[in-house]
Every structure is written in C-alpha cells, then in structure tokens.
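Kindly generate the complete structure, drawing on both the sequences and the hints.
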Amino acid sequence: GDSVTQMEGPVTLSEEAFLTINCTYTATGYPSLFWYVQYPGEGLQLLLKATKADDKGSNKGFEATYRKETTSFHLEKGSVQVSDSAVYFCALKNNNAGNMLTFGGGTRLMVKP
Amino acid sequence: EPEVTQTPSHQVTQMGQEVILRCVPISNHLYFYWYRQILGQKVEFLVSFYNNEISEKSEIFDDQFSVERPDGSNFTLKIRSTKLEDSAMYFCASSDLQGASGEQYFGPGTRLTVT
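Chains A and B, in that order, are what the protein sequence lines are. According to the working numbering, the stretch in the first sequence is residues 1379 to 1491, in order. According to the working numbering, the stretch in the second sequence is residues 3 to 117, in order.
A hint or two may mislead.
Listed next, the in silico BS3-like pairs over lysine-lysine satisfying Cα-Cα at most 25 angstroms (straight line) [unchecked claim]:
(1) LYS1446(A) with LYS44(B)
(2) LYS80(B) with LYS44(B)
(3) LYS59(B) with LYS80(B)
(4) LYS1455(A) with LYS44(B)
(5) LYS1490(A) with LYS1446(A)
With the C-beta cut set under 8 angstroms, the calculated list includes, among others, these residues of chain B facing chain A [to be verified]:
(6) VAL6
(7) TYR33
(8) LYS44
(9) VAL45
(10) GLU58
(11) GLY104
(12) GLN106
(13) PHE108
These aren't lab readings, by the way, just hints derived from the structure by calculation. Note that the Cβ used here is the ideal one computed from N, Cα and C, for glycine as well.
Right, dumping it as structure tokens:
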C-alpha cells in the first residue's frame, strides 16, 4: 500500500538557519503530495501542495518540489523563524484511491532565537 | 476565516463505555473525514463520508465505530465499546471538492483517553 516516510525529529535550528525536512513516498499511480503543519494546540493546516511531477509548492517562504524520479517531496525554507516551531507532516493522496490522506510520522521543528 | 471545530478537547472514559466525538465541519463543505493519531505514531485515516453515507473506510474502522451527520452542521464519531488501544488524538476534517484540489481542513482534535 501507499506510505510516506519522513525524517525523524526533533530538528533544532537557530533562527535564520536553512531548513530541510526530508520526505519520500511509495504509491501506485500519480499521487498528489502535501505538507501540513501543526502548531501547538491547533489542528493540521495545509502548508503547501503539488499535484504532478516537477510541480513546486510554496507558501510562507516554504517550498517543496515533487520529484517523481526520486519519489521525494522535501520541505525547505531558507531562513527559519522562531514562529516556525511546529510539527510538520508530509502526506499523499493517491488519486486512484479516493480522498484519504496517507501521512508520514511528523517531524518536530524547534527554532531557537 | 471558517474553521473546523471539535468537542470536547479531551475526553476520559472507562474501557467498555461508549463515547461520541463531535465535529462541526466548515459550513459549505460536502466531504467529511475522521483520522486518528495514537501517541508517537502516524496520523491514520479512519473514514470518509459524503452524501450521508460512508464513501471509504480503513481496516481500523471496524464494527465498533460509526459515523453520523445528525443535522446540517454536526458530524460525529461514535465508539461503542472503547478499548485501551482506542486512546488517541482524533481529528475531524472536511473538504469541498474531491481530487487533488480538495484541500482537507482539520480541526484541533479530541484527545481520547481510555482507562
């Protein structure tokens, strides 16, 4: 079945550091890929998405590129802020299998001033 | 900005008891979902609901689970006879479109603790 693997955390960075959170997936067909973010005490919020190979999703300075050849969707940000501290979830939706999202395990990011 | 709400935020129940978790999806959305996250594990899909019936369910969603949209605004998840292993964070979500553009909006979750 479909699966998503992302790097384990926590990831601890200083403010203004470069962020990469790795995400790879296994799926049949051509899934859509998502990054969700969960701030403390809140629900999961969609951060960005990409629906086909080579698409780049971007939002709030975060970017991720859908790489079909490496089955990856790594999340990057050039300069993190303390307010980016949260848990980040990579997810896929297999467009051949309904609407369900398949999530990775989540990566906690802690940004220190 | 419209949001999905869930009540209660934390529910403690004894093993064997029935619990109902409540969600108010975004008002113009048509698709509704439940996911759960056992502590330290992945967020897992339970069920999706459209047009007053279940459209998909996972193997986790066995006979002890049921969902209902009792009125025009609420969406509920019932667990008939809770087990210790049902302890988890339960997330409700809703979306307005199928397919890749159907972004799912999540609520803040209900933490269920079964003792």
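Checked hints:
Annotation: proposed proximity of LYS1446(A) to LYS44(B) holds, straight-line Cα distance about 23 angstroms (limit 25 angstroms). Taking the CA atoms of LYS80(B) and LYS44(B), the gap is about 21 angstroms. The hint holds against a cut of 25 angstroms. As the CA atoms of LYS59(B) and LYS80(B) are separated by approximately 14 angstroms, the hinted pair is consistent with the 25 angstroms bound. For the given pair, LYS1455(A) sits about 24 angstroms from LYS44(B) by alpha-carbon distance, which is consistent with the 25 angstroms threshold.
Simply put, LYS1490(A) and LYS1446(A) have alpha-carbon atoms about 34 angstroms apart, too far for the 25 angstroms limit, and the pair is violated. Annotation: VAL6(B) was flagged as interfacial toward chain A, and the flag holds, the nearest CB pair being 7 angstroms apart, inside 8 angstroms. Interface hint status for TYR33(B): upheld, as the beta-carbon distance to the closest one in chain A is roughly 6 angstroms, under 8 angstroms. The interface hint given for LYS44(B) is met, as the beta carbon of that residue sits about 5 angstroms from the closest beta carbon of chain A, less than 8 angstroms.
Of the supplied interface hints, the one on VAL45(B) holds, with its beta-carbon coming within about 4 angstroms of a beta-carbon of chain A, less than 8 angstroms. Look at GLU58(B): its Cβ gets to within about 5 angstroms of chain A, closer than 8 angstroms, so that hint holds up. Interface hint status for GLY104(B): upheld, as the beta-carbon distance to the closest one in chain A is roughly 6 angstroms, under 8 angstroms. Residue-level restraint check for GLN106(B) holds (minimum Cβ-Cβ distance to chain A is 6 angstroms; threshold 8 angstroms).
A least Cβ separation of about 4 angstroms between PHE108(B) and chain A falls short of the 8 angstroms threshold, and the interface hint therefore holds.
When held up to the earlier numbered hints, the structure conflicts with hint 5 and nothing else.
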